[in-house]
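Using the hints, put the two chains back together into the complex; each one sits in its own frame.
So the protein lines, in turn, are chains A and B. The numbering of the first sequence is this note's numbering, which starts it at 1 and goes up by one. The numbering of the second sequence is this note's numbering, which starts it at 1001 and goes up by one.
I should point out that these hints are in silico values taken from the structure, not numbers from a laboratory.
Think about it this way: if two alpha-carbon atoms lie no more than 30 Å apart in a straight line, the pair counts; the simulated DSS-like pairs of lysine-lysine are:
hint, chain 1, residue 1, chain 2, residue 2
1, A, 303, A, 198
2, A, 300, A, 198
3, B, 1136, A, 198
4, B, 1136, B, 1173
5, A, 197, A, 303
6, B, 1136, A, 197
7, B, 1136, A, 303
8, A, 300, B, 1136
9, A, 197, A, 300
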Amino acid sequence: MSTETGRVGEWSLFGHSLRRVVLYGILAGMGVFYLIPIETGIMTSIINPASYTGSFPYLPPLEPLVPGTGTFSLEPWQGAIDGLGQGLVNSVILVVPATIFSGLLGSMAAFGLTTISWRGQIGIYILFVAGIFIPYQAVLVPLTQFWYNVVPLQAVFEPLAVLPFVQEYHWKLVALIITHTAYGLPICTLLFRAHYKKLSDEMVEAAQLDGASVATIYRRIILPLSIPMFAVVFIYQFTQIWNDLLFALTIVQFGDAAVVTQDLVGIGVSQSGTNFPLRMAAALLAALPTLLVYIFFGDKFAKGVAA
Amino acid sequence: MAELTLDGVTKVFTEDDGNEIVAVDEVSVDIEDGEFLVLVGPSGCGKSTTLRMVAGLETVTRGEISLAGRRINDSPPAERDIAMVFQSYALYPHMTVAQNMSFGLEESTEMGDDEISEHVADTAAMMGIEDLVDRKPADLSGGQQQRVALGRAIVRDPEAFLMDEPLSNLDAKLRATMRTELQRLQEELGVTTIYVTHDQTEAMTMGDRIAILDDGVLQQVGTPLECYHTPNNLFVAGFIGDPSMNFFEMDVDGDLLVGDRFEYPLTSAQSEAVDEARRVTLGIRPEDIEIEADGSADSPSEFDVAVDVVEPRGDENTLHLTFDRGVDEPVTFTATVSGLRQLQAGDSVVATFPPEAIHLFDADTEAALHNRSLDVPEATEQIV
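Pulled out of the complex, with its shape left as it was, chain B reads as follows (with noise of 0.2 Å):
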């Protein structure tokens, strides 16, 4: 159990006609010792490649990786001390699981054989798999190698672990409760982790910090929590959350937003904050957006629109929302509303755009300008 740290990392491909592709550009991060990090980001940002050359099986074209004090760029992945758990799960098919779960304490450690299998049997009972440690992989379900999978990492005792995707080979309900145990398994090990995925909801709620990376560029590192309410751009603002922030282009116009639909008052101290910009591009949560089925529209902050589709999820209903009607293709931004309210497309209502939810962004650097208001302001580590 140690502190990570990633310092100016980068990855630099080399294609067979010479051009270079950087994967991974700088990317800075300090791990604390039994933290659990979340590496976020769509496919091809350069997250697996950056967990890849953790585990040392990408070289490191620049930066510094350490663990524990100890700088690891050239340690083969052997003498790292690291395990890691693959998104095919990669066990050995003709190994028994605890064959497969001893395999790396044979290799590594100079235990005997009967403190490897005492060591194998408590975790197959912590990992609930007691009863399978004498059959092979293939005659288990995508739970279960899983859970040997996971029993192979945990079993190292390592200083570290990484896991690529693990979750994303299992259906809907099985992810859900594997999130929550490998949570509870984590913090009962307090081994510092390094978690990949794709996913925003694995990343908001299993990490302790979510690191965003797009296009090989770290853009924020904070607690799940800051990335949501105080995006450091306008990426990090789009990836996190479900269904997405509406994003509007809109010129400044004074203390006025004007857009191609509609115009939008601002706040002295979001005018202070917009500052020089010319072209801003308004953000506004999904779940921030008011809606009222009766009346009409009343102050600057709201809008008469009309609901295009609703997709009910059952405990709310996601609207689509527009402000183009009788259009065959209208633009629609979305909200959010209970399950409960009666909404039908075609209805009018009324959205507020509540001004301490509205969020904005320089349009041409994509930086945040002003983050909707909290009641506890936080800070977040500012990426340079």
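So that you can see chain A by itself, here it is in the shape it has in the complex (with noise of 0.2 Å):
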């Protein structure tokens, strides 16, 4: 039984030893147990949503070759598309300057707080790791308070409707970009402080001494040098704020304004009962973006969790 590639005394089958046959089988098992609730949301997403009581949802749907599968249908998906689309817009519109926004700020925070040497930095870098303690539930009611009642945001925002591109429910989602900045910034700090710690004293002091301002020193060393970091920072506050529902539902409430993952909520529920097709199409799109920017970003995120 035993062949050149097995190990002496081993046993092997068909050439393979018996130790990866039962790894491979291992490794397969589990490839299945994970991916098996994906491909029963895929095959339930595709199904016409009036042949699907009773069918077995992780089975594609063959009727009328197989019986008791469920007929092939894309309404699910239209369904999905035309009742997120609105809340996909809102939330690309939320998320992307957000996603920036808190980068960007949490790089220039935490350059001032680790390259830049000065009087009381620790406190204040004590403050914004704090930040990251305080919990969401907290600050509910004192958010809708701060937006509602003490910032005109929604007065401010009124003139500006003119403008092409440009809706009157808008404010709901520059307030959403304010708080998820604000609440993302500790997080990104804490990132990009511990990037910035490693860098060379000395070459900031290099640059020093050749003249770059502290401005310049930021935007011409210490930016380029944070891209790594800057993908992993991108990629999580990206799932972070995409997925967020509870600041959604504070700050927006109801209305045009709705993000994705509100709109996710209702969709395909009546009192006739739950459309589980639609439900499946809808939370494969709603997810779909993160999917993306994982896939778009994943290896320059693996250079980043390693730097």
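Below you can see the structure in the form of structure tokens.
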């Protein structure tokens, strides 16, 4: 039974050692285990809702070829795109600037708190870190009060609504952008600070002697060296803000400014029952942008984590 | 290009618990236009802190630093017109060699792009790195990075160069080559330079003058040979020279020095210099000790000693000699002899301490009482 590839004295099967066969068996099993929910979701999302009840959700809709599996239909995806369209647009309007602002400001704050030395910076830094530990629930009421009663953002925004592409309800998204930027700042600062502590002090001093101002050192030395960390922070913040529901419910509450997570809550639910294919299609559609971000920035993310 | 003056420069660091640490204590040096001054001392002696104060990277607690007659204590680093070469080279890793070198010109001058690239190309050619200008620092060897770091300083054409142990990350061979090249460059450019090192060989070979610092206090400023032959005190005598000077603690008994293991007669000039001191330290350089393989001691300055260890260096041998025979861990002193001399551990030899090669230091104050006689006596700048 022994072959050239197997180790001496080991059992083998078709030229592969038994160890390998078991290993691949377990790996394949785990792969199936992890992929089944997604596969089920995808299959469910392409079944005609009318033929869904009683079918096996993880089987492809092959009726009438295979009875009991439901008929194929893109109707759920059509419904999801119609139902979530506005929410997706709102989410993009929210997430892109909020992610960029929190990353950029976090990087600047970390630069000021790490690379430049000045009296009292540790105290300020501790305030930043403390921000990480404030629970979301504790700020919900103050947040509503702040945006609805303290800051007249809505009134400021009204005249801007005459501009192209600007709607009056966008003020809520602006409020959300600022809130997410502020809330993301501590963790972004922490991540960038860890990165900046590893940069050579002598390099910054060399730049000072070369005549560069603090702003120039940031722009020409620190910022280009932060790109791997920006990938990490952008992926992290994008996912956090895209998936957030709590702040959206608190600040947007309801109406045209609702983001995709809010729309997702109610889609496919009615008194006549739950439209599972529609809900599955909507969930996949809502998750798609975060998936794309991981695919496009994944290699940079790995570099940044290793940096 | 200008003269650089340090006048009573002091740096006091305050620790978190309020403790004050004096890192640099009243250092005063005048560095002439175009001079190469080496600041040397053991780790933690304050030499880097001194350099960083000149650069503007540390504040000056007391005293005054002036460049070309202009007080620069409170000027930010960018306004001092000083270029610095760091031990780690501190190159900008994301920029090419050319970008590294042009950065300073872009930030500190009004030059146009063409003029900058012309300057960079000239300097790169001078440093022999013209083929590397499009590479990033990570793709360069240590020696090449070193050249880029020097080029980055030179291209700025500053009033003064500051170098903080720039050669210490290179291997021994390359270090020797760069030492010569750096000296040649500095002479060619004629830029006032302060060079910090802990390596006394670099200090001896490179500097027009060397300034020796210990525990934040300036011990001596002088030409390498002044410091070597006429040290101000015990510290300088022990620090300069490799292998180090031998020291013996001796009691003064009239015209005779009495030690644990031997006695040594003083000449009239020496005993005059010793004057009232009761205890002195006798110093003699290893290369001044004469070794006779045969015969026996028949004058007061000759001693019968045993060879404990021989360290061959090729050109010369370093002998560890001892008065204690048959002891497990004997007290030894060193002597250097020609590499061709055949001597082995255990040999009995006669060591002569020539009277003209003797240094005497006060055992309490460690100040030099008498230095070896030279054919051409040179005056040493005295530190008060």
